[in-house]
Structures are given as C-alpha cells and as structure tokens.
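Let the hints inform the model, and build the full structure from the sequences given.
Protein sequence lines correspond, in order, to chains A and B.
Just remember that this note's numbering sits 1032 ahead of the position in the first sequence, which is counted from 1.
Just remember that this note's numbering sits 1032 ahead of the position in the second sequence, which is counted from 1.
Be aware that a few hints might be false.
No distinction is drawn between identical chains; accordingly, a pair holds when it is met within one copy or between any pair of copies.
DSSO-like cross-link-like pairs, simulated, lysine-lysine; straight-line CA separation at most 30 angstroms [claimed, not checked]: (1) 1196 with 1077; (2) 1119 with 1220; (3) 1173 with 1119; (4) 1077 with 1220; (5) 1258 with 1220; (6) 1258 with 1173; (7) 1077 with 1173; (8) 1196 with 1258.
Rather than coming from a laboratory, the hints here were simulated on the basis of the structure.
Number of protein chains: 2
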Amino acid sequence: MTEHLLNHRMDATLGLDTVERSLREQAQATIREAILSGRFTAGEKLTERQLSELTGASRSILREALAHLEARGLLIRQTHRGYTVAKLDARSIHEIFELRQPVETLAAELFTERASDREVAEINAAFEAIASSFQAGDLRKMRTAKEWFFSVLFTGCRNTEIRKALENVFDRISYLRIQLLNDSERRKQALIEMGQLANALVARDRDAARNASITHLESARQALIKQLSKSD
Amino acid sequence: MTEHLLNHRMDATLGLDTVERSLREQAQATIREAILSGRFTAGEKLTERQLSELTGASRSILREALAHLEARGLLIRQTHRGYTVAKLDARSIHEIFELRQPVETLAAELFTERASDREVAEINAAFEAIASSFQAGDLRKMRTAKEWFFSVLFTGCRNTEIRKALENVFDRISYLRIQLLNDSERRKQALIEMGQLANALVARDRDAARNASITHLESARQALIKQLSKSD
DNA sequence: TAGCCTAGTTTTGTATACAATTCATCCTGA
DNA sequence: TCAGGATGAATTGTATACAAAACTAGGCTA
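Pasting the structure below:
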C-alpha cells in the first residue's frame, strides 16, 4: 500500500474527511485538537476571547462547544471563573488505568472474534504506521497513528459503548502520552508491546490479545507514574 | 434510623441539597430529571421553547445545558432539527451490558476493600430503602433509592473514573428500568439479587460481591432483552 | 383524489448587547 | 514598607434580536 493510500484510509477511519459540520462542531474539534496536541497545557486557563480568535466562532457557539467538552471531562468549569484544561494528578491516572484495564482488554478480546478481515488488515497497517513514525521520530504523526490504531480496535470490537467510554479517557491522557513518549527507552518498549498486541489481534488469538493488552497497560501505567513523579 | 434522617443522608449523598448552582446547572438537572423520570419518552423531540418553559431559562443557557446532555449521551442532536431523547434498541442494551459487566463488577470488588465503615452502613441503609419502597410499591421512591445505592457503591470504590463511566450509562438506561420494574415477578427477583450483592458488600467479601454482581447483571440483561422484544 | 408546490409559521443557528462578577492596579494611610 | 481598599478593565453570565433552515397546511393542477 502506498503512503498516500494509507493516509487516505486513516483519514476515513478517523472521520477527518467529513466537510459539512456545524460551526459548533468545528469549534469543538479545533479546541479539542489544541488540547490533545499540547498547544494548551494542562491546567491552563482558557478565556473565551482567546478561543473566539482561535476558532473564529462567536461566544454563543463557543460556549456550547465548551459545555460539550466540559461534559467529556476535557475542560473544568468554575462559575464566574471560566474554563481551564483538565489536569491529571497521579491519583486520576491510577483511576483511569484501573478502568482501562478491564475495558480495553475486553475490547481486544472482542476484536479477535468480531472484526472483519478488512479491519484486521487495517490494524496491521495502523501498527506499521506507528512503527514507521517511531523510526522517523515524528511525534505528531505517531499520535495520529496511535489514534488510528485504537479507532480501528474500538470499531472492530463492535461495541460503541466501549468506544465512547475509552475515547473520553484517551482524550484526557493523550497529552500525557506526548510527554511520556519523550522517554525514548519507554517508547521502544511501548512499540514492542503494541507489536505483540497487534500480532495477537491479526492472528485473532483471544488469549494472546488479552495477555498483550494487560501487559501493555500495566507497563504504560508504571511508566506514566514514574514520569509523573519525576516531573513533580 | 428514622425515616427523616435516612432521607437526609440520602439527599446528602446524592448531592440534592446543594443550593448555589448556576442557572445552567439547574436547567441541566431539570431536563435530566425529566428524562430519567420518564416525563420525556425515548425518541421524543424536545423543542427549545418547551424546555424554556420547563426550566425558566433563556435559550443561551438552555443550549449550553443541551450541549452538555448531548455529550453525556442523553440527547441526540441533528443539525437544524433540534434535540431528541436518546433511544435504546436491543443492540445498544447489549453493548451497554457488555461494558457494565466488567466495570460494575470491578466497582463492587473495590468497594469491599476500600469503602469506609460509614459507607458500608450506608449501603445497607440504601438497600433497606429499596426493599421498603418495593413493599410500598412506590416506583419513584424505588428509583431514588437505587440511585442512592449505586451512588454509595461508586463512591466507596474510590474511583471517580468508574463512577463517571457508569453514571452516564445508568442515566441512559434508567427509564428502561422504570418500564422493566412494572414486571412484578422480575422486580422480586431483582430485589433478591441486590440483597445478595448488598450482603456481600457489607461483609466485605470480594469474591461473593463479584459473583453477586455478575449474576445480577446477567439476569437484568436477560430481563431487559425479553421485555424489549415484547414491547416491539 | 393524489401529489406537488408554495406561503406562512415554527424552530434552530448565529451574533450581539447588557449585567454581574472577578481580577489587576494603584493609591492611601498607618 | 506594606496591608487594605477603591477603581476600572477584563471576563463571564444572561437575555434578546435577527437570519436561515425546516416544517405545515392549504390550494392548485393533472
């Protein structure tokens, strides 16, 4: 598959090529992207004026978008004090992983049984995209490729509830992952573990997928905690 | 404990006695309550005028509240066509239970290890409230008591991520539970199963809690599916 | 009579104006 | 010097006005 075709398929899966969206949805997506990409840092205060300039939307639109993102846990609202980007402490991370562990493992298991052959192939392609962006050292691309991988995983497990629950959680930890991946040792380890997961998924081996998922999550959790204790 | 004191503690747990809330939060709560109580039926179209009358809020406020509830999955928005109450088909219910099963079971297990003695006592009180409202045949009170029970469970497991994930899901199936509980045979069965769960939680018996949770969920799932196939 | 078109009404989408609150700054007085 | 408060700017909370799209009903035509 050529690079171009691959990107096209990735965009299709991630829903990046839809054009017709309301102003509110556009604004929402813009703000979300700014947070996930690390342009806004955790705990940062966001004023409506600043966001209005960023998105080009008026305050009515903006405030709807903000209410939406608040409900998703990406923003924190304090009455009369506006919005700040949600911040994660060690405790929140612990809780998130406690939730992810059974849910993501279930998703991997279900994928091995329910995914179409096309999706299995796509998981493989997504993993290769992760590996190649790793080689290139392109962090931005790596995030997108990872999003693609998990998006296919959640689609293939045929359960939108799992998808929704985990997507929310993923949004909130994604900028942490950017920090984390600066640790190149950890990055290499993560790649190996994801490779094991990808292999198990492609082989439709439920038990192996389960084990790989558990291993990967536990190792990611420990690395995050370690990273966090270092930065504090 | 007197009835009065019991209600007081329940209100405290459910956060019903906070007074200072922004108009938006009030409107949000009012609409949410109207949906959960079955006043708005699944699939029903909600016009902004109607909601404005119900909540007394202006459209700005309303639309923020609606965006929030949409993000939580309680409402569906179609561009230029407004909001409708989210509808659940058999497939969605299946997916929800697939997610609930591992998460709620984990919550019960964690509760046995982490809950304070006060919370253990409160779980007991909540279960008694469920049982007594069952005897009285008071559906409204039964829903509140169940909310109380699960609220204590989620608090006691010391994981707000689990709480958030499940609260969303609970909101969306709560009006189904109202329908379901009209089946008095099922209602009796559910009470027995919840009693087993409550006992295990009070005894802090992790394995028993796990088993009771799994049993209860599986049985509730089957009942819901059966009920749903009947009503269609 | 059935189907389609159209005018009018309703509803949603968007922008803006005003009020209330918070925040920053600088001034005063001990 | 500095604690405290007055003042004005900035920001959020709330309401309303106007534009655009969708729905409705009634009449017209085949």
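How the hints compare with the structure:
1. 1196 with 1077: Close inside one copy (26 angstroms) and across copies (24 angstroms); limit 30 angstroms.
2. 1119 with 1220: within (27 angstroms within a copy, 44 angstroms between copies)
3. 1173 with 1119: within (24 angstroms within a copy, 37 angstroms between copies)
4. 1077 with 1220: neither (34 angstroms within a copy, 51 angstroms between copies)
5. 1258 with 1220: within (16 angstroms within a copy, 50 angstroms between copies)
6. 1258 with 1173: within (25 angstroms within a copy, 47 angstroms between copies)
7. 1077 with 1173: within (27 angstroms within a copy, 42 angstroms between copies)
8. 1196 with 1258: Both. Shortest intra-copy (28 angstroms) and inter-copy (26 angstroms) distances satisfy the 30 angstroms Cα cut-off.
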